[in-house]
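Undergrad: Sequence:
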Amino acid sequence: MSKEEIIPEASNHAAPIGEVPDAAAAGVPVYKGWRNPEVLLIVMAAAMPLSFSTWMALLNNFSIEMADFTGREIGILQSLREIPGFLAFTAIFVLLVLREQTFALLSLLVLGIGVAISGYFPTVIGLYCTTVLMSIGFHYFETMQQALSLQWVKKERTAMVMGKQLSAKSISSLVMFGVVWLMLEIFDVDYRYVYLFGGALTVIAALFVWGAFPKFSDAHPQTKKLILRKRYWLYYALTFMSGARRQIFTVFAGFLMVEKFGYDAATITLLYLLNHAINMFLAPKIGKLIGKWGERRALTFEYIGLFIVFVSYAFVDNHVVAGGLYVIDHLFFAMAIAIKTYFQKIADPADISSTAGVSFTINHIAAVFIPAAFGLLWLFSPSAVFLAGAAMAAVSLVLALNVPHDPEPGNEVVRGYKSPHAVPA
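For reference, each letter of the sequence shown is one residue, going 1 to 425 in our numbering.
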C-alpha cells in the first residue's frame, strides 16, 4: 500500500449489526491515531497565522518606513488584498486538477512564500505584488480549510472542531506577535529577516504536514462546477451579512479607538494580544456551546449581542469601555461557526467544496464597497457608521430567526423557499 493511502477504522457503509451507527455510517470515515483529519485541520489552522500574523504586525511600519506609503497607497493595497477573497469562487476550477487537501497545502506554501519575500521588495509595486501573492494563498487556504472541515468532520463535532481551529489560530497569532516584538524591539532584526522568518515557519509547517499526514479520502465526491442553489438562499444571506459585519470591526472599530480615544500602536497591539489570548481559551468552549444550543439559538445570541455592541460604539465616551467593547466584538466572531455548521446540515455533501468558494466570494462583496462608502459617512458622523452596523445586526437577527431548530435537507428555513424533497446526506 502506498504512503498516499490510509485505511479508515470503519467503512462508509452501515455499522455492523448490533453496533450503534457512528460517523462511518453517516459517510465520514473514522481514523485511529494522531494522523487523522481533525488533527490535520488543527495543525494547518495553526500554521497559517505564523506568516499572516507576521505580515499584519509589520505592514503599517514597513510600508511607511521602507516603501514611503501614504494613505492612498495603503488604501490601494488593502483593496488589492481583498480581490483574491472576492475571486475565491475560482477555487472550483483548480479542483478540476487538484484535490482539496493538496490545494490547501499548496495555498499554505504560497502564503508562506508571499510573506517570506515581502521584505525584499520595499517599493510600492513590490509590496503590492507580494501582498497579492500572500492574499491568494491566504484566501484559497481559508476556502479549502472550510470545505475540508465540513467534509471530514461529522456534524455533531463540527462546531467543536472549528472552535479548536480558532483556538489554534489564536495561539499561533499570540506567539508570533510576541516573537515579532522581540525581534524588532530587543534584537533589532531587520524587517526583511522578520518577514523571512515568519513566512518560512508556514512553509516548513506545510512541508511537515505534506510528509507526515496521508491523503485522506473524501466521504463524498465533490461537484466540480460552480453552483448556486435556491434552497441555500438563507445561507448566502447570512454569509453576506457576516462579511458586512466584519468590515465594521476590521476597518472602523479600530479606527475609533485611535481617532476618538487616542490609543497608540502599543495599546492597539495589546488589544490584539488580549483578543487572541481570550479566544485561545474560549473558542473551543464556544464551539461546544454551538453544538449544544444549535445554530438558531447561537446566531440569535450573536446578533442581539452585536446590536448592543454597535449601538454602544456609537455613543461610548469612556476609553476603557470602548476597549472592552472591542474585545467583546472580537469574541462574537467565534459564533459565526454556526453559519458554517448550518450549511453543513442542509447541504448536499457533494456541494461543499463548490459552495465554500462561492460563500467566500459572497462574504467579500461587502469588502468592495463598505469601507469606501462608510468612510465617507464617517466624515459626517462616526456614530452613524456604527448605527448602520446595528441595523445590519438587526437584519442578521431576522435572518437567524428563520433558521430551523433542526436544519436538514428539505427543512432549510422556517419561512421561504425550501427544497421540496429531502436530499440524501
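It is worth saying that the hints were derived from the structure and are not from the lab.
Take these hints with a grain of salt, some might be off.
[Claimed, not checked] Okay, derived cross-link-like pairs now, DSS-like style, lysine-lysine, Cα gap no bigger than 25 Å in a straight line:
#1 215 <-> 225
#2 288 <-> 154
#3 155 <-> 260
#4 418 <-> 285
#5 418 <-> 215
#6 225 <-> 418
#7 230 <-> 155
#8 260 <-> 154
#9 285 <-> 155
Undergrad: Holds or violated: residue 418 and residue 215, Cα atoms, limit 25 Å.
TA: Measuring from Cα to Cα gives roughly 36 Å; hence the hint is violated.
Undergrad: Holds or violated: residue 288 and residue 154, Cα atoms, limit 25 Å.
TA: holds, 14 Å
Undergrad: Are residue 260 and residue 154 close enough, with their CA atoms no more than 25 Å apart?
TA: violated, 46 Å
Undergrad: Given the hint that residue 230 pairs with residue 155, test it: the Cα-Cα distance must not exceed 25 Å.
TA: holds, 22 Å
Undergrad: Quickly compare the C-alpha distance for residue 155 and residue 260 to 25 Å and report which way the hint goes.
TA: With Cα atoms ~44 Å apart, residue 155 and residue 260 exceed 25 Å; violated.
Undergrad: Check whether the Cα positions of residue 225 and residue 418 lie no farther apart than 25 Å.
TA: Distance of about 22 Å is within 25 Å: holds.
Undergrad: With a cut-off of 25 Å on the C-alpha distance, tell me whether residue 215 and residue 225 pass.
TA: Cα-Cα ~23 Å, so holds.
Undergrad: What's the verdict on residue 418 and residue 285, does the C-alpha distance respect the 25 Å limit or exceed it?
TA: violated, 32 Å
Undergrad: For residue 285 and residue 155, compute the direct alpha-carbon distance and say whether it is at most 25 Å.
TA: holds, 17 Å
In terms of the numbered hints stated before, the structure departs from hints 3, 4, 5 and 8, listed from lowest to highest.
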